[in-house]
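Student: Chain by chain, the residues run as shown.
2 protein chains.
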Amino acid sequence: MVSKDMLNLGRVRSAIRELFEFGRKRAAIVGSENVYDFSIGNPSVPPPAALTQEMVDLLSSCDPSALHGYTSASGANETRDAIANNLNRRYGTSFTRRNLYITCGAAAALTSVMRALTVNEQTEFIAIAPYFPEYSIFATTAGGKLVIVEPDMAHFQIDFAALERAINTNTQAVVINSPNNPSGVIYSEETIIRLAALLTKKSAELGHPVYLISDEPYRELNYTGKPVPFVANYYAASIVTYSYSKSLSLPGDRIGYVLLGNDMPDFDDVYDAIAGSARVQGYVCAPALLQKAIASAMDLDMVPDLSSYQKNRDALYNGLKAFGYRCMPPDGAFYLFLEAPGGDGDAFAEAAKDEDILIVSGRSFGCPGFVRIAYCVAYDTIIRALPGFGRLYERFCK
Amino acid sequence: MVSKDMLNLGRVRSAIRELFEFGRKRAAIVGSENVYDFSIGNPSVPPPAALTQEMVDLLSSCDPSALHGYTSASGANETRDAIANNLNRRYGTSFTRRNLYITCGAAAALTSVMRALTVNEQTEFIAIAPYFPEYSIFATTAGGKLVIVEPDMAHFQIDFAALERAINTNTQAVVINSPNNPSGVIYSEETIIRLAALLTKKSAELGHPVYLISDEPYRELNYTGKPVPFVANYYAASIVTYSYSKSLSLPGDRIGYVLLGNDMPDFDDVYDAIAGSARVQGYVCAPALLQKAIASAMDLDMVPDLSSYQKNRDALYNGLKAFGYRCMPPDGAFYLFLEAPGGDGDAFAEAAKDEDILIVSGRSFGCPGFVRIAYCVAYDTIIRALPGFGRLYERFCK
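Listed in order, the protein sequences are those of chains A and B.
Here the first sequence is numbered in the numbering used here, starting from 1 and rising by one per residue.
Here the second sequence is numbered in the numbering used here, starting from 1 and rising by one per residue.
No wet-lab data here; the hints were simulated from the structure.
Just so you know, not all the hints are guaranteed correct.
Copies of the same chain are indistinguishable here, so a pair counts whether it falls within one copy or spans any two.
[As the list claims (entries may be wrong)] Each computed DSS-like pair below joins lysine-lysine, with the alpha-carbon atoms no more than 27 angstroms apart: (1) LYS202 <-> LYS4; (2) LYS321 <-> LYS226; (3) LYS201 <-> LYS4; (4) LYS4 <-> LYS145; (5) LYS145 <-> LYS202; (6) LYS226 <-> LYS311; (7) LYS25 <-> LYS353.
Just chain A, same shape as in the assembly:
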């Protein structure tokens, strides 16, 4: 006798997990080097060597009781100071520690923010497809619901008419994710400016702020040479959820933050409600050793080494385009979102298994006509998988 909802959520195998099992079986037959696993967003670039050295230094030189002790629930002061200063250097902002709440990664940041903003069961969060599937589970668990708005399908930017129609008196926040998982698209500065204008207008009409939750674990994975617009500089009621999982390749270590914009309406209420919702979920503090390591990494302005992702991206994008495939240029993150030839992402992903190519249908991201290819893999995997993609194209387009 257990919770039915929790049982289903714990038991249902995600599409990605199914693929993982399939890949294991095939690897036993054809050899793991002949299974082309593009299913998982696990960074293939290691953390910076300097970060490993910082962790060794901390362990070797710090008072261990302080290093491993509880921090305040909102995070160690030195960590919050270091992140604020790092952001201020990069974005011309004037954050202090009080803008930041350190979390066990972006997922914890999102669940804490959504629960904080859920005032009753009518509360709505709006996400723009394609979107990270867990948003829906997090919004529902918080007691509210997730509303999906279709994107501008030509460029995967925002369809503002559709977004405006979706905003109503129950809307508490719009959730964006740029650079985007799964599309790899980065919202342009024009998009962010228009979004800020729309949310400002709607907030005034509704008489309450419509918050912008900007989920940015891929912020630094940007291959365009142009900066990713920093939302807090465009819209006061911005709430950034961040993780070091991708930028510093620490996905298992669970370290990230919530950032509130300086001119956030009801700043103290939002901050304190986030603290309350982190508390009720059992988040006592973010991992202390990692907090100290991140403080060093931010003081040293550590950034990811993008060269191998970029090389992968170019080989994959150019290779697929040469066959005739259609997709958005993957400007950021490490995903390529391919229009499934034939228009059915499920069928295409299933067929790809015949080539021992593991890719995820776009259905769970809200775009069933697409497949997601995670190119955070060895370069060689891409080169050797391309002929299979070529055969698949022929099969679906003849």
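Starting from the structure of chain A, add chain B where the hints point.
Tutor: Here is chain B on its own, set in the frame of chain A:
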């Protein structure tokens, strides 16, 4: 416009936090060495030096992508294997990795278990006073409620008549915490045997298992020379929530587990529902580096160095008894639960501030006639605080 509940929970200053602020102010005036802070359960014994060395070795020798990568949500196989083997060596059990779900500490374990076991809003968890205050918040957030049963006040063991009266068709689990925070009491083997018999009888009467959630972060902090009874050896439907915060002095690092007994009714359902509830709260996996370190610690059978806690305990207990105070012998953990002279824990804790002694009223633990003294402090703090305790006794007992 935020969640009122979350705002209140984030904003309300706990009694402990209030004391912390008071202590800071007083330290600025009288010097920090003259403020006797017994308010917080932060281990004063550092982690084992061998554990620090293991972490340095992992960082120096492991593939960093593997060391910091995602583990499966239930935890790395090597970690679960090492914990199972360690428990099997100590308790003669036959656990395997599938008995274990690794968590971000005991709080995450408790929120995940309570959410998994909450089938509807009638669901009840029973805790026995004195109890850890967050149990109530965790049960409520899961969607159920916490029912408190008074203890046998003579020995702080279980009042079985009272417990039996409290169990009804909505009861999903009884929560125990032995060694206990705040009482320091360890449930005797006789208590555990009687508890198992009662829960077995009630489960049969009710036609559904009444689970036993045994919250055991202090399991190894035991000064009696006799083992703490291991509940899974006495009752099949035992769910152990554990943390390495106290035993290995890693409270900030957030690492612990849920253990399900081998003959647990509905084993797979309970395990999978725990996975579901960890997922909806945003617990992607427990910190990966810490998981690897714990695997080494368990392989090496690391245990806490209890000598300084024991020395503190003896000095405090004997010193207070000599003044005439009454309290249970603190057999485990690092708390002493003092009967407040005059019978009002709030008034006594407030008066103690006049002596710059910081202690917490028992009210929030469900025992308002007591105060909790956390003796995980420097030995010198105890020796120098004792005269103040003497004056307080005179003041309340004359």
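Student: Any of the earlier hints contradicted here, and which numbers?
Tutor: Failing hints: none at all.
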